[in-house]
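Engineer: Now for the letters of each chain:
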Amino acid sequence: MKVSARNAFKGTITAVQPGAVNAEVTLKTPGGDTLVAIITEGSVKSLGLAVGKEVVALVKAPWVMLAAGDSTLKFSARNQLHGTVSAVSKGAVNSEVKLTLPGGSHVFAVVTNDAVAELNLAVGKPASAVIKSSHIILAVPA
Amino acid sequence: MKVSARNAFKGTITAVQPGAVNAEVTLKTPGGDTLVAIITEGSVKSLGLAVGKEVVALVKAPWVMLAAGDSTLKFSARNQLHGTVSAVSKGAVNSEVKLTLPGGSHVFAVVTNDAVAELNLAVGKPASAVIKSSHIILAVPA
Amino acid sequence: MKVSARNAFKGTITAVQPGAVNAEVTLKTPGGDTLVAIITEGSVKSLGLAVGKEVVALVKAPWVMLAAGDSTLKFSARNQLHGTVSAVSKGAVNSEVKLTLPGGSHVFAVVTNDAVAELNLAVGKPASAVIKSSHIILAVPA
Numbered sequence: 001m002k003v004s005a006r007n008a009f010k011g012t013i014t015a016v017q018p019g020a021v022n023a024e025v026t027l028k029t030p031g032g033d034t035l036v037a038i039i040t041e042g043s044v045k046s047l048g049l050a051v052g053k054e055v056v057a058l059v060k061a062p063w064v065m066l067a068a069g070d071s072t073l074k075f076s077a078r079n080q081l082h083g084t085v086s087a088v089s090k091g092a093v094n095s096e097v098k099l100t101l102p103g104g105s106h107v108f109a110v111v112t113n114d115a116v117a118e119l120n121l122a123v124g125k126p127a128s129a130v131i132k133s134s135h136i137i138l139a140v141p142a
Numbered sequence: 001m002k003v004s005a006r007n008a009f010k011g012t013i014t015a016v017q018p019g020a021v022n023a024e025v026t027l028k029t030p031g032g033d034t035l036v037a038i039i040t041e042g043s044v045k046s047l048g049l050a051v052g053k054e055v056v057a058l059v060k061a062p063w064v065m066l067a068a069g070d071s072t073l074k075f076s077a078r079n080q081l082h083g084t085v086s087a088v089s090k091g092a093v094n095s096e097v098k099l100t101l102p103g104g105s106h107v108f109a110v111v112t113n114d115a116v117a118e119l120n121l122a123v124g125k126p127a128s129a130v131i132k133s134s135h136i137i138l139a140v141p142a
Numbered sequence: 001m002k003v004s005a006r007n008a009f010k011g012t013i014t015a016v017q018p019g020a021v022n023a024e025v026t027l028k029t030p031g032g033d034t035l036v037a038i039i040t041e042g043s044v045k046s047l048g049l050a051v052g053k054e055v056v057a058l059v060k061a062p063w064v065m066l067a068a069g070d071s072t073l074k075f076s077a078r079n080q081l082h083g084t085v086s087a088v089s090k091g092a093v094n095s096e097v098k099l100t101l102p103g104g105s106h107v108f109a110v111v112t113n114d115a116v117a118e119l120n121l122a123v124g125k126p127a128s129a130v131i132k133s134s135h136i137i138l139a140v141p142a
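Here the protein sequences line up with chains L, U and A, keeping their order.
Using the numbering used here, read the first sequence as starting at 1 and increasing by one per residue.
Using the numbering used here, read the second sequence as starting at 1 and increasing by one per residue.
Using the numbering used here, read the third sequence as starting at 1 and increasing by one per residue.
Calculated from the structure, these hints are not laboratory results.
Each hint should be verified, as a subset may be incorrect.
Identical chains share a label here; the pair holds if one copy fits it or two copies do between them.
Cross-link-like lysine-lysine pairs, in silico, DSBU-like; alpha carbons within 30 Å at most [unchecked claim]:
1) 98 / 53
2) 53 / 10
3) 2 / 53
4) 53 / 28
5) 10 / 28
6) 2 / 45
7) 90 / 45
8) 98 / 74
Full structure from sequences and hints, please.
Structural biologist: And the structure:
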């Protein structure tokens, strides 16, 4: 792949909703997860995106918000992946948290150390990765 | 709350401007600040967002840009909160900067150490938090 | 400038594509690079943005994704700047990577240390900065 984004989800496009400036692209992963990305109409055309096409959804780890397993909120973010914390790498200010999803794939989030403590994000705990659709970059083979 | 986002602003929706793909949601906080969020039309419907409804606007600290108190720029970002630096936590590459707003609430931003030095972001200095509307996630109780 | 965003590209607006909620603003830098930003219609009006106007495109370093020089992907992100790695500052979790573009300007990205290793982002190596148009804040003099 050769990109710095920690999260790369392969999938097949199931819907493209056009707009004047932006389009909403929905894709389904082999594991059954649905992801929604907002990209420009210009990119839909230049990449030739259409239903049935295979794409990769890229998300940098700092663009992922985490919600604790016992959170009682509903989010506007269209992408919410429920999993289990499988690793926490602590830095001076931020930590990288790895979630493992039921299908075996992984999601990486960079959050502050304060958040790790407050949400009790330890290995084995349930958590959700919350990703805004405008924070997903789609990629196709050149 | 149990989410990793360092910034959570409670408010009441005062306007919803629909679009083909995205909608613009405006909310007012008890402290009198106005925030604008861009979310998908799909989320407006699934969360039942409408004027008068109470929501929480969530923003991760790395999504917040800071402007020094003596900046002479106007920004396209719809959300600009003016306050005073109340804490700076330094890491190897990044620092977490805490602003206190006139109403007493706080905004957290993660910026590079270079930015802290160049903007002279020390405790007691004025600064503004600049947040793009597309970087706000809205949440409601489940 | 006095803003925390590590990346500031001066340019002249060459196109404004309106939408119901968002607008797409295209600008050209003196070095010949074209940048595309998605901002709200409200900001287009409040900043008086129009073809010919000079603006500054601001991008925080964590919003920049890097692609290795030998990446074989095409991206939906409208902004792709090809350059050479000129510095890498390593932290505990993240590194700040500086690219120098052919025209002499610079792009800063904050990526994980894992990404630096996997993409072999060493000084002198080719790499591209990939920036979503919704991650650009435009600024004009106040």
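Engineer: Take the hints in turn and mark each one as holding or not.
Structural biologist: Do the hints match the structure? See the list:
1. With identical chains, the CA atoms of residue 98 and residue 53 are at most 30 Å apart within one copy only, with a shortest distance of 29 Å there and 34 Å across copies.
2. In this assembly of identical chains, residue 53 and residue 10 lie within 30 Å of each other by CA distance solely inside one copy; the values are 11 Å within and 37 Å between copies.
3. For the identical chains of this complex, residue 2 and residue 53 are intra-copy neighbours only, at 21 Å inside a copy versus 37 Å across copies, given an alpha-carbon limit of 30 Å.
4. When the C-alpha separation of residue 53 and residue 28 is checked against a cutoff of 30 Å, the pair qualifies only within one copy, where the shortest distance is 11 Å, while the shortest distance between copies is 32 Å.
5. When the C-alpha separation of residue 10 and residue 28 is checked against a cutoff of 30 Å, the pair qualifies only within one copy, where the shortest distance is 8 Å, while the shortest distance between copies is 33 Å.
6. Taking identical chains as interchangeable, the C-alpha atoms of residue 2 and residue 45 lie at most 30 Å apart only when both belong to the same chain, with a minimum of 24 Å there against 37 Å between chains.
7. Taking identical chains as interchangeable, the C-alpha atoms of residue 90 and residue 45 are never at most 30 Å apart, the minima being 41 Å within one chain and 38 Å between chains.
8. Proximity of residue 98 and residue 74 under a CA criterion of 30 Å is satisfied in both settings, with 22 Å inside one chain copy and 27 Å between copies.
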